[in-house]
Each structure stands twice: as structure tokens, then as C-alpha cells.
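Enquirer: Residue-level listing of the chains:
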Amino acid sequence: MAPTVLIVDDALFMRMMIRDILSKDGFEVVGEAENGVEAVERFKETRPDLVTMDIVMPEMDGIEAVKQIMKIDPNAKILMCSAMGQQPLVVEALEAGAKDFIIKPFQPSKVIEAVEKALKE
Amino acid sequence: MDISQYKELFINEAQEHLEALNQAMVDLERDPENPDVLTEIFRSAHTLKGMSATMGFDQLTELSHEMENVLDGLRSGDIEVNTDIVDLLFGCFDMLASIVASIAEESGEVLDTGPLIEALRGVYMGGRGGVAEKAGKAKKRGAKKRAQEKPAPEKPSGGGVEEEPAPDGVAVEEVPAEKATSEGEGPVPEEPPGAQGEEEAPEEMAPMANEEAGELRNLRLRVTLDKDCVLKSVRVFMIFKKLSQLGRVVDSSPSVEDLEDEKFDRSFEVLLSSAEEAGEVRRALMTIAEVQEVQALPLEGGLEVEAESMAEEAPEEAVSERSRPEVERAPVAPVRTQSVRVNISRLDNLMNLIGELVINRTRLQEISSSYNIPELKEALAHTARLTADLQDEVMKTRMVPVEHIFNRFPRMVRDLAKSRGKEVDFVIEGRDIELDRTILDEISDPLMHMLRNAVDHGIDSPEEREARGKPRRGSIKLAARRDRNYVSIEVQDDGQGVDAEKVFALAVERGFISPDEARSLSEEDALRFLAMPGFSTAEEVSGVSGRGVGLDVVKNKVESLGGMLIMQSVKGEGTTFALKLPLTLAIIQALLVKVSNEIYAIPLGVVMETAVISSYEIKYVSGQEVIFLRDETLPLVRLERCLGLGGGDGQGTFPVVVVETAPRSVAIAVDELMGQQKIVITSLDRFLKGIRGFGGATILGTGEVALILDIPTLLS
Chain D
0 MAPTVLIVDD
10 ALFMRMMIRD
20 ILSKDGFEVV
30 GEAENGVEAV
40 ERFKETRPDL
50 VTMDIVMPEM
60 DGIEAVKQIM
70 KIDPNAKILM
80 CSAMGQQPLV
90 VEALEAGAKD
100 FIIKPFQPSK
110 VIEAVEKALK
120 E
Chain U
0 MDISQYKELF
10 INEAQEHLEA
20 LNQAMVDLER
30 DPENPDVLTE
40 IFRSAHTLKG
50 MSATMGFDQL
60 TELSHEMENV
70 LDGLRSGDIE
80 VNTDIVDLLF
90 GCFDMLASIV
100 ASIAEESGEV
110 LDTGPLIEAL
120 RGVYMGGRGG
130 VAEKAGKAKK
140 RGAKKRAQEK
150 PAPEKPSGGG
160 VEEEPAPDGV
170 AVEEVPAEKA
180 TSEGEGPVPE
190 EPPGAQGEEE
200 APEEMAPMAN
210 EEAGELRNLR
220 LRVTLDKDCV
230 LKSVRVFMIF
240 KKLSQLGRVV
250 DSSPSVEDLE
260 DEKFDRSFEV
270 LLSSAEEAGE
280 VRRALMTIAE
290 VQEVQALPLE
300 GGLEVEAESM
310 AEEAPEEAVS
320 ERSRPEVERA
330 PVAPVRTQSV
340 RVNISRLDNL
350 MNLIGELVIN
360 RTRLQEISSS
370 YNIPELKEAL
380 AHTARLTADL
390 QDEVMKTRMV
400 PVEHIFNRFP
410 RMVRDLAKSR
420 GKEVDFVIEG
430 RDIELDRTIL
440 DEISDPLMHM
450 LRNAVDHGID
460 SPEEREARGK
470 PRRGSIKLAA
480 RRDRNYVSIE
490 VQDDGQGVDA
500 EKVFALAVER
510 GFISPDEARS
520 LSEEDALRFL
530 AMPGFSTAEE
540 VSGVSGRGVG
550 LDVVKNKVES
560 LGGMLIMQSV
570 KGEGTTFALK
580 LPLTLAIIQA
590 LLVKVSNEIY
600 AIPLGVVMET
610 AVISSYEIKY
620 VSGQEVIFLR
630 DETLPLVRLE
640 RCLGLGGGDG
650 QGTFPVVVVE
660 TAPRSVAIAV
670 DELMGQQKIV
680 ITSLDRFLKG
690 IRGFGGATIL
700 GTGEVALILD
710 IPTLLS
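Residue numbers (numbering that gives the first Met the number 0), protein chains in the order written: chain D, 0 to 120; chain U, 0 to 715.
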């Protein structure tokens, strides 16, 4: 079975991009969410091996979503997706339990590297 | 990676964000204290920046980045919202939109974002500087941020300054000049855990490790990051966090502070006191992204064994780790459905096919009744339900909420009101009402025109309003409402209303009517003049509206869509224009009528009522046949004559269809009313398109073709 991934980002464009990068590398995208609330819901439903999580989102931001997901499953593997200039937020997310982060603009190789490393842990 | 495939999606979504930005900015100006609005603006700008950077559109990235800085200042309260800033940001939105447009058109046009960026920086620096005394830190943070956040393309590639790792021991890293500016508080707010208060010299630690806890040993590690690693400080934070789980960080080189400030190139060394094997530590650190290599270095005074064994373990592990995750996968729940973007022409085709299906079904029904097969009838009844459902579903997929176009208007109204020196509250209601995408696109311009009219001619100036005892601020309401099979969109203002006397005077002056006629006209007639070609009451052409392209264009457009324009005005109190539109163009409700044994369809949108009259009720006014219906004089039009079918001097009693059209309602005489029916419109091909009076054709259940009458052009 290919590793399963849940993609969370408020931009459809970004979700498509990540989906393409990951599916090309043999990951199975089992769900997408466009805000934190949806992310938590999808997580409960799909129990993915990995979550890619945008930080700045409507309804509930990525950090809060990380906190809630970690409550549901302390072993959840979450990869933050951040644009530049958000160091404090990235750190906050990492402290909340996120495993790692990737920086937009995404380079496919880096995304895959981060995903594989996070899964390995 | 080929990103061109994402271009269309990018453009669509970028445009949506720009629309949201414009909308939110208007809200912000109205309610500068609302933190939610600012957060939304910030979020949109931020998302736009991320998307643009991903696509490699540097201009977009840079401009949205500078905007974000200003927005951040607004959010933190360092910069106050004022009209200049709002205007500047609107200017930026326009520029972003132009850039997106030039990307979409591949025009290769190069736009100059320099002045905007300068202005943004001015605001941003000014804002920070203004509060420098009380928040010196903030300014520093700002300056630092700027240095770090430079869009990637501008950053000198790290590869060029790559250094050979220092031979052994503590390496002294050069501080790149660019980084030297970023002194001050670190981007990592807290000290990495594990590094806190652990500044003891390694000499002190070493004996402890060897004597006390036999398991503990000191490891000297060199950690190397990827050469294009961004946010190195956060990586450092992660590495230290991980190390603190494995043991205690005794020392590091460069110091923890310097590492946090990114005062290192790619690699640094740490001394870790840990019970773990070096291989284990290495493996743990390698799970962090952008960690390129972790080497164990010989520690003075022993433990070389560790280093050697690790070197052997490492490659082997790398292989086995890789394959592991693939093996142990739990089954997962099915994927949730997501939305798909579809070209509208596909939906058109689908609708046509369904139309054909309906026709075929009717044929089958006729066959089944002539052979009288009950089973077939039953199956066909079921098919009928299914096709009706199918039709509904396809219709629904074509529906888009009106906010799709409404969202552009607040910005336009605001700008226009500002340039006219008028104060206007713009209210939108019924954003979620849905309308066929094609119709929505078509009415965008007419609505824009009506709103311009409302601002330009409707709303009076603040002074005039005060003089009339009205509040200084005028109000314009754009409201969408669902009304059975129609959607009505209203543009309502509380301005000066239409001055009927002035309209009549102008009508006489322009030769539309004689002074005598003018006296017999009602206020309603005055409104009809407004919608006549070449009629404008604006005393001065304002440069925006009132240049001949007027209400008549709006009216024609609406009627061509099978809808109508309804106007109401009270002098001194305001004007309301309402567009009554069918939900969809593909299927309409129509009244089928018969003349000369042929069936015609009249869109129900224009039908006001039907009546049966007798030939003796026909009167003549200046040679024209008219009938009286409830105190109203209606011209009588014989459809047969109108269509050139001959005959049409029906005697006795016959039905009439009263249709609403400009300049007044008309009664159309027909031979027979066949009833009301949903029809699928098939447009006439290009050879037939020029024929006036027909809006298309439809195939009836019997397989017969009926032409759809286009009442406005038929009667004109």
C-alpha cells in the first residue's frame, strides 16, 4: 500500500500542485481540506499516514489544526507548508507537534524529501 | 517540473483572491477597527504571494510581499488605516490584476511595479519609524524580516559560497555579509529547549559521562544542511529539539545564539551527551528535512570506535529505512469528492443531449400508447422522472452564486463615489442567490452601468441631501432575490429620483413627442423614455455614465436574455431598477400559442397575462387597433400579420397574450393558447440568426419544431 496523505491548503492551486507532486512519487492522496476545521474532520475520517498543512487559512489556522489533530492522534505526522517570513509560526507549529516543514515555493524534490523523512521517523 | 499546466488554475484562483481583496478592502475602509477583515486581507495577500512564488512570477511575488508588510503593520497597529493607504493598496490590487491579466494573455507586457513598491516601503518604514521610540524592537524586526524574506530568486545562490568543511575540531564559520545586518532578536522566539543553561564547558561534562552513567557518552556531530535551505534558524531549532530528546547538548559551534541568527553557512557542530548510539542519533537527525548529512567526528580522548561503526551502519540503514514505510500500510477510507472545474460548453452540450433525450422519450411514449403496452408505459414513466431529474441536475451545475460578479461592485462604487464627491453606503443582499453562469456573465456590464447611474445621477451630493433633510450619506442597495422561476436583481438608490417634467421637456426638445402629448403622459411613461435609444437626462456628461450608452442598452440586453427591466422612481426619494431574469438560458418556461396551424413559443418572462376578447371590443386609435383592458389602452397586434402569414383578421372571440415591452404593453392576438411548458432552447444557426423576431427554436414532445418568439424585436 502506498503511504496515504491528506493535503490541507486554502488555495486549490496549491493543493493541486502538492497532489501532483506526491502522486507522481507514488503517494496516495486520500483527502483534501481547505481550512483547519475541515482538516480535523478529514483527518478523523481518513487517518492518513501524513498531513501537509498550510499555516494561514480561514476558519481555523494550521497551528490550531495541528494541536487538535495531535490530540486525536499523538503519533500523527504533520508537515507544515509555509511561505517565507513565518518563522515564529513555523516554530509554533513544530512545538505543537508538527514533524517538519516545507517552504513555498515548493520544489518537488524537497517536498518528497521532507515527506519521506517525516514518514521514516 | 513543468508548471505551465497549473497556469490556468493559478490565474483563476489569483483572480478570486484579488476580488476578495477588493471586497475586503472596501469593508475595511468602512470599518477600520474590524480585525477580522484585516486578517482576511492579509490571508489573501499571503496566499497570493505563496502561489505566485510557486509559479515563479517574481513581480507578483514581490509586490504582494511588500503589500503584506504594510498589511502586517496595519494588523499590529503600527500603521493606521487611512484613505491614502487604502488608495495605495487598491492601486496595488489593480496592478496585481494587470499583471495576472498579462500572464493570462501571454502579452509579455512588462509593467512597472517600482513606484508602488516604493510607496509601500515608504508607508511601511514610515509607520514603523513613527513608533520607533516605544517599539524599537518592532522596527528592527521589520528590517530583519525584510532581509530574510527576499523572494527566493533574488537571493544569491548558496552554492557559490560553499565551503569545504573544516578539517576537524571546532570550525569557525564566516558570517556572510548579507546576514551581518540581521542583528538583534532572533527569529526563533525561545531558546531551543535543551540548549538552555547548558553552557558548561565540555571538559566538565566529559568526565561525568564516562564515570557516572556508564551509558552516557559524548558525541561530536557535524550537521550539514542543504545548500539551498531556507529558514535555517528554524532548522536549527528542530535539530536542537530533536537532540534534546536524545540527550543533552553540551556545546555547539558556532554558539546557539549565532546559529539562531543564522550566522553560519551550511554546517555546524554540536557536542551531545547521550545514551544513544551515534548511528541512532544520526538516523534521528536525518529524519529532518533539509538535513543533508550528519557526521560523527572523533572526540579528543577516545570514542573513535563509535565514529567508525557509524560510518558502516549509515548507508545500510538508509536503504532499509526507505523501503519500510511502504510495507506497513493500514487500509484507508475512500476519498471524499472534491469539486471540478468544467468548461461551460461541455454543460451546454450536455443540456442539448438531454433535450434530445426528452424528445425521444416523448416519441416512445406515443408509440407505447398506440400499441398499448402497459409494461413499456411503466418503464417510460420512470424514464420521464429520470430525465427530469437529469435536467434539473445539469441546470444546477450551471448555476453560480451572484456574488461571483457582485463582489467587484463595492470597489467600483466606492471609487466612483469618491471621485464624484458623494458619500455612499453600498449594501449587497442575496449574494448566495444562484443564476446560470452565462446569464450572470451577460448582466455584469448592465449592472455596472446601472450602479454607475445610481452614483452619478441617482445619489445627490451631500450638500443637496442635507438641504433636503436627508442624511448626508446616500445609500445604494444591490439585491438579488429568487422569485419562483425568476431571479430579480434590484439596484435601488435613495437619491433624487427621476424628474418627470425634465424628462418630458427633453423628450419634446429632442422631438420624441409633441408638447401636447407630453401633457397627457404619466410618470411611468417618463421612465420609459429613459430606456429609449439616444435619450439621456444627464445635464452634463460626467465621463462615466450618460454618454449615449444608456439604459436602452441595459434594457435590450436583459430582454435578449429573456428577462425584463422594471423601473420605479419617486422624485426626491429615489429610483429602483429591477432586472427580472430567467434562471437559465438553456431551459425556459414558455407559453405555446398557435396561429395559422403553427405553434410558436413566447417566453413566459414577458407574458403579463392572457385574455379572451371579442372582435367588437376592438377600437381604433389613429388607425391602429387597440383594446381596453382594465382601464388600459393596449395596442393590438395580430401575430399572423406580424409574421407575414396572411389572414389574421380573426372575427368572433379569440385569445390575446399581453406582453410587457417597451414603450408600453401590447396585446398579441393568436388563434389558440396551447399551454405553458418547459422548453429546451436551441439557438438558430448563423444563416438564420439575422432574422428578426425569433430567439431560437425548440423541439416539442411531438417532434414538431416550434420557433421561439423574441417579442421586443418582433414588435419593433
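FYI, nobody ran anything at the bench for these hints, they're computed from the structure. Among the clues, some could well be false.
Beta-carbon label-pair distances, calculated as ranges [what the hints assert, rightly or not]:
1) D/ASP24 <-> U/GLU428: 35 to 41 Å
2) D/SER108 <-> U/SER3: 16 to 22 Å
3) D/SER22 <-> U/THR701: 49 to 55 Å
4) U/THR82 <-> D/ASP24: 30 to 36 Å
5) D/ASP24 <-> U/GLY689: 39 to 45 Å
6) U/ALA100 <-> D/LYS43: 39 to 45 Å
7) D/VAL36 <-> U/ASP440: 45 to 51 Å
8) U/ASN81 <-> D/VAL36: 46 to 52 Å
9) D/LYS43 <-> U/ARG472: 35 to 41 Å
10) D/GLU27 <-> U/GLY113: 42 to 48 Å
11) D/VAL36 <-> U/GLY689: 52 to 58 Å
12) D/VAL36 <-> U/LEU683: 46 to 52 Å
13) D/GLU27 <-> U/THR712: 22 to 28 Å
Covered by chain D, per the in silico footprint, the following chain U stretches (three or more residues, Cβ under 8 Å) [as the list claims (entries may be wrong)]:
14) 370-378
15) 632-641
Where a beta carbon is used, it is the ideal one built from N, C-alpha and C, also for glycine.
Enquirer: Hint by hint, note whether the structure agrees.
Expert: Status of each hint after checking the structure:
1. D/ASP24 <-> U/GLU428: 35 to 41 Å: Cβ of D/ASP24 to Cβ of U/GLU428: about 48 Å, so the range 35 to 41 Å is violated.
2. D/SER108 <-> U/SER3: 16 to 22 Å: holds, 19 Å
3. D/SER22 <-> U/THR701: 49 to 55 Å: holds, 51 Å
4. U/THR82 <-> D/ASP24: 30 to 36 Å: violated, 50 Å
5. D/ASP24 <-> U/GLY689: 39 to 45 Å: Hint violated: Cβ distance 57 Å, outside 39 to 45 Å.
6. U/ALA100 <-> D/LYS43: 39 to 45 Å: holds, 42 Å
7. D/VAL36 <-> U/ASP440: 45 to 51 Å: The hint (45 to 51 Å, Cβ to Cβ) is violated, given that D/VAL36 and U/ASP440 are roughly 32 Å apart.
8. U/ASN81 <-> D/VAL36: 46 to 52 Å: violated, 35 Å
9. D/LYS43 <-> U/ARG472: 35 to 41 Å: violated, 49 Å
10. D/GLU27 <-> U/GLY113: 42 to 48 Å: holds, 46 Å
11. D/VAL36 <-> U/GLY689: 52 to 58 Å: Holds, since D/VAL36 and U/GLY689 (Cβ atoms, about 55 Å apart) stay within the stated range.
12. D/VAL36 <-> U/LEU683: 46 to 52 Å: holds, 50 Å
13. D/GLU27 <-> U/THR712: 22 to 28 Å: violated, 57 Å
14. 370-378: violated (count 0)
15. 632-641: It is violated, with 0 qualifying residues against the three required.
In summary, the structure is inconsistent with hints 1, 4, 5, 7, 8, 9, 13, 14 and 15 from the numbered list given earlier, while agreeing with the others.
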